[in-house]
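**Q** Work out the full structure, taking the sequences as your base and the hints as a guide.
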Amino acid sequence: MFPFKLPPQILRLVLVALAIVGSYFVARSFLTPPTFGQYGWYRGDALQLIASREPVFAGKQSCDECHSDIIHKLEKDAHKTLSCEGCHGVSREHGNNPNILPVKSTGNYCIRCHEANLARPAWLKQIVVKDHYGPKCIECHVPHQPTKTP
Amino acid sequence: MGSAFAGLLTASAARTAKAAVQNVFASTSAPKGYDPTKHKWLMCIDDNKCIGCGLCAETCKKENGVPEGPYFRTWIERYIIPKPKPGSGQTRGEAIVDSPNGGIPKDGAPAFPEPTLPKDQIEHAFFVPKLCNLCENPPCVQVCPVGATFRAPDGAVLIDPKYCIGCAFCVQACPYGARFLNPVTKTAEKCTLCYHRITRGLKPACVEICPAEARIFGDLNNLHADDPIQKFYEKNRVQVLKPHLGTEPRVLYAALDKEVR
Chain E
1 MFPFKLPPQI LRLVLVALAI VGSYFVARSF LTPPTFGQYG WYRGDALQLI
51 ASREPVFAGK QSCDECHSDI IHKLEKDAHK TLSCEGCHGV SREHGNNPNI
101 LPVKSTGNYC IRCHEANLAR PAWLKQIVVK DHYGPKCIEC HVPHQPTKTP
Chain L
1001 MGSAFAGLLT ASAARTAKAA VQNVFASTSA PKGYDPTKHK WLMCIDDNKC
1051 IGCGLCAETC KKENGVPEGP YFRTWIERYI IPKPKPGSGQ TRGEAIVDSP
1101 NGGIPKDGAP AFPEPTLPKD QIEHAFFVPK LCNLCENPPC VQVCPVGATF
1151 RAPDGAVLID PKYCIGCAFC VQACPYGARF LNPVTKTAEK CTLCYHRITR
1201 GLKPACVEIC PAEARIFGDL NNLHADDPIQ KFYEKNRVQV LKPHLGTEPR
1251 VLYAALDKEV R
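Protein sequences, first through last, are from chains E and L.
Note that my numbering numbers the first sequence so that position 17 is 17, with each residue one more than the last.
With the second sequence counted from 1, adding 1000 to any position gets you my numbering.
Source of the hints: derived by calculation from the structure; they are not laboratory data.
This structure is a prediction, so every number in the text was calculated from the model and none was measured.
Each hint should be verified, as a subset may be incorrect.
[Unchecked claim] Selected chain L positions facing chain E (in silico; Cβ < 7 Å):
id, residue
1, D1160
2, P1175
3, H1196
Heads up, the beta-carbon is just placed ideally off N, CA and C, and yes, glycines get one too.
**A** This is the structure:
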């Protein structure tokens, strides 16, 4: 066996194997996103991608910038937990440009929560609309101060 | 000299090609300065307070651009527990659960119609808001064959929309039914905790809009004095959905009935 001589077919096999492994590593370096593995076994950039969506609802804080008087009133009464956009609709555009008015609320928004339903908790004031005065809530109730009358 | 120059040229060409390939995956305008490792989000639901108005479900659809139809990232279920049949020896009847249109009122009609059972046969009824349970051990992540869904370090279970192939294994795997296939993008979708809002310091849309403060949201890593989450813990006895599955949800419920699944 001496001197040892590597059989040529083995050398060829080794070269082919090296080429396969090498091309795998080249392809891997090309195709793996740069942020893969930043936080775990996934693309770190995906978090950025999901977060890049623009918010739709502005939130009570942005309403407070101009309408703090109404929010102050609201906060003193039973409707203090309500969010402005729950009744007035999406108001982000209105915040950027006061000339674009938010959707005006109607009586339907009162009924949405206060129509009697067996599954509603007992602490919530509920009415059967057809036995009540009908859906003309704001004739007798002030939505921002529900315990007061107009 | 010539070969060195050629080598340099090849190297720079390779770098350009690599950048071009990776640019396909590059992200767009996202809020800067948000570090997911510094937060631990938690959602709490006080079921005593849910009035079943459906604003959370409706808001979620608008905020996240969820298509029309039976697709919901969060929804409200109504549980009706009937009285037991006389002589059956049971303590209560079998729960009737419904969630018409996810609890969103349609065309001015109330979302939840009068139950078909007569009133005197109903023991009690209540609403339960549902959403992704933000499991510590999410079954949906385990089954994804392409690794598109993952659990971010801040606790949100998210889907990489560029990796998702829409096979819907995760939809089947989720024990809470929180996932669906978006018919427009053909990828799986779920509650992201309004990731685009919480990374900008806003509350998730459902939490923002809930008129009864039934949903409480907070950051366990940055608790401040009199944090609503702390108060929720102190006031209530909390539980999670399907604890026997070992998924360890991070959505905590207070005042839940045993029938709720």
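**Q** Given L/H1196 as an interface hint, is the shortest Cβ-Cβ distance to chain E below 7 Å?
**A** For L/H1196, the interface hint holds, since the closest Cβ of chain E sits about 4 Å away, which is under 7 Å.
**Q** Hold the hint about L/D1160 up to the distance rule: shortest CB distance to chain E must be less than 7 Å.
**A** Check passed: Cβ of L/D1160 comes within 4 Å of chain E, closer than 7 Å.
**Q** A closest beta-carbon separation below 7 Å is what the hint needs, so does L/P1175 meet it against chain E?
**A** violated, 22 Å
The structure shown violates just one earlier hint, number 2.
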